[in-house]
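Protein chains in written order, with the numbering used here: chain X, 1 to 471; chain F, 1 to 100.
Calculated from the structure, these hints are not laboratory results. Think of the CB as a built atom: it goes at the ideal place given N, C-alpha and C, for glycine as much as any other residue. Be aware that one or more of the hints could be misleading.
As the list claims (entries may be wrong) - Restraint ranges, calculated between C-beta atoms of paired labels, are given here:
no., chain 1, residue 1, chain 2, residue 2, range
1, F, I17, X, P374, 50 to 60 Å
2, F, H54, X, V14, 52 to 62 Å
3, X, F391, F, V81, 32 to 42 Å
4, X, P263, F, T24, 29 to 39 Å
5, X, M25, F, Y84, 28 to 38 Å
6, X, A437, F, H54, 53 to 63 Å
7, X, R92, F, V92, 28 to 38 Å
8, X, G449, F, G9, 51 to 61 Å
9, X, Q417, F, V81, 23 to 33 Å
10, X, V441, F, H54, 24 to 34 Å
11, X, P374, F, H88, 20 to 30 Å
12, F, H88, X, T182, 47 to 57 Å
13, X, K185, F, G9, 37 to 47 Å
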Amino acid sequence: MSLFHAMLPEYIVVGFILISLLGNMLSRQRHVASWLSLIGMLSAFGASWNLWSYSLKPHMFVGGGVVVDNYSLFVNLLVLLAGLGTILLGWREKRWGTEFPVLVMLAVLGMMILGLAGNTITLFLGIEILSLPLYILAASTHTALGGEAALKYLLLGAFSSGILLFGLALLYGAMGSLTFVTFAKTVAAPTSPLLWAGVVLSLVGILFKLGVVPFHMWVPDVYEGSPTAVTQLMAFGTKVGAAAILLRFMDFGFYASPGWWGPALGYLAVLTMIVGNLLALPQKDLKRLFAYSGIGHAGFLLIGVATHNLDGARALLFYLLPYGLAVLGAFAVLSLVAGDRDQVSVADLSGLAKKRPVMAAFFIVVMLSFAGIPLTGGFVGKFFLLQAALFANQPGLAIGLVLGTVLGLGAYLRPVQALFSADGDDQVAPNWTVGSAVVLVVAVIGTIGLGVYPTPIVHMVNQSANFFWLH
Amino acid sequence: MIPINWVVGLAAILFAIGAIGVMTRRNPLIMFMSAEMMWNAAALAFIAFARHWHDMSGQVMAFLIVGTAAAEVGIGLAIIVTVYHRRHRLDVDEISGMKN
């Protein structure tokens, strides 16, 4: 398989970025670029799907810097889903110019690159291509809160990238190579302080991007201040990208020496699950609530890395899908309820069950999936994570997962309770929009489908977590 | 020829100065500058190690760091100017409309 064929999804996205820019020159209306980006991301989705179905053997290009395998193609599918959702949710936003679809596609491209990174150059470029458009998107509605969110995101993003880069430099100094394959061959134990410091610093950098406690301070403010559609991209896409690169970097590059990073990640996972879900309990602003719930879910995802076995990798990959679908559904309802406003509080949901029963029912489904109630995708995902933790003989992780889930249940039931309160009878009922309705229906069907019949996706995930083959 | 330890030591000192700058200063411009200093420290370390290992990929990484840093500065300054237009004062402690 040639490089062009293997990277066809990425090339399609790049091509449509250029075509959208051209379209923006010819027409000042945003829906031209929006349609172009929808078509581009859908065709990249189709190309990834097609490549996935017959690419079982990993293909390495550019001296091991680009690794196209089922793992990277599965990550492509997830982040393209997030990008499509963002375009649809932001379709009606009047304050955005024509640059919005182009920037979304650029951010999605960065996430796709994170999935196929095979050396630290690709890792760094992926993280930056993902972050730079998101800084602009966070500030794109020209509100005071948006500017504040963008400034915080920028400063902490640059800071964490600096830490990550210095860590990567130390790793390069310790091993004399930038590719993960060489890391895997060289490292058996923490032989030098240079190596040790390098791993710690690069882990801190990646965990910053994932939003793991104690590096989570930026997440709530950035999520609250950013426009709703962009927050959805951060919550779904960025998390997928960061989790994908963390899994490949640690489980592949340092697979031979899990004894000295596995326990550390395990403690962070338990801390993140409990602190994230605990802080979600008192939140009044819905986006802030989802930010803390996202932190809690980053802890759940970290279990998959901390167990450092194939079950953990599979459970992590699987969990990304129900989490992402729940994020899509929740933010679709949020953008419908918000209308032209940027802030949505729990109280804004009150009385929705009476005014828009279908919308409220869909919202309940995605909240139950977040909480991990049976018959939703979230339950199956948490079940696999629990299984992975127990198979890896780490009961502490399992206990943390159960505690975090119980705490999360309390946080997610509050918005559901608000749906049925009678306070909001004087508020006008939110109107359906086509884009949000499509996203919401897809998210709800996916969530219930995953909960009732997860077999096809489980099969797909089992084949996708095959990057251990390369050793 | 300068020993590698000195160059890496210099990079570590630059990195520490940058990190302390980000954490203690309250002006976004200075904080941003300090973060860029951390990037440059990493680039210096990459170049030093590239010479040590006689390997070109470290230098490639250093070039890419410089290029990305330029892009980041462009976007960062634009965002800082936007915030300044709204408030006419730059202090990250005052920029806190979101508190729970």
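Verification of the supplied hints:
1. In this structure the hint that F:I17 and X:P374 lie 50 to 60 Å apart at CB holds, the actual value being about 54 Å.
2. Between F:H54 and X:V14 the CB atoms are about 34 Å apart, so this pair departs from the stated range of 52 to 62 Å.
3. Checked against the hint of 32 to 42 Å, the pair X:F391 and F:V81 fails, with Cβ atoms roughly 53 Å apart.
4. Restraint check, X:P263 to F:T24: a C-beta distance of roughly 32 Å satisfies the suggested window 29 to 39 Å.
5. With their beta carbons about 30 Å apart, X:M25 and F:Y84 fall inside the hinted range of 28 to 38 Å.
6. Separation of X:A437 from F:H54 is about 60 Å and conforms to the stated range, judged on CB atoms against 53 to 63 Å.
7. The supplied range of 28 to 38 Å is met by X:R92 and F:V92, whose beta-carbon atoms lie about 33 Å from each other.
8. Hint check: X:G449 to F:G9, Cβ distance near 57 Å, so the stated range 51 to 61 Å holds.
9. A hinted range of 23 to 33 Å for the beta carbons of X:Q417 and F:V81 is inconsistent with their spacing of about 44 Å.
10. For the pair X:V441 and F:H54, the beta carbons lie near 58 Å from each other, so the given range of 24 to 34 Å is not met.
11. A hinted range of 20 to 30 Å for the beta carbons of X:P374 and F:H88 is inconsistent with their spacing of about 55 Å.
12. At roughly 52 Å, the beta-carbon separation of F:H88 and X:T182 lies within the given 47 to 57 Å, and the hint holds.
13. At about 29 Å, the beta-carbon gap between X:K185 and F:G9 misses the expected band of 37 to 47 Å.
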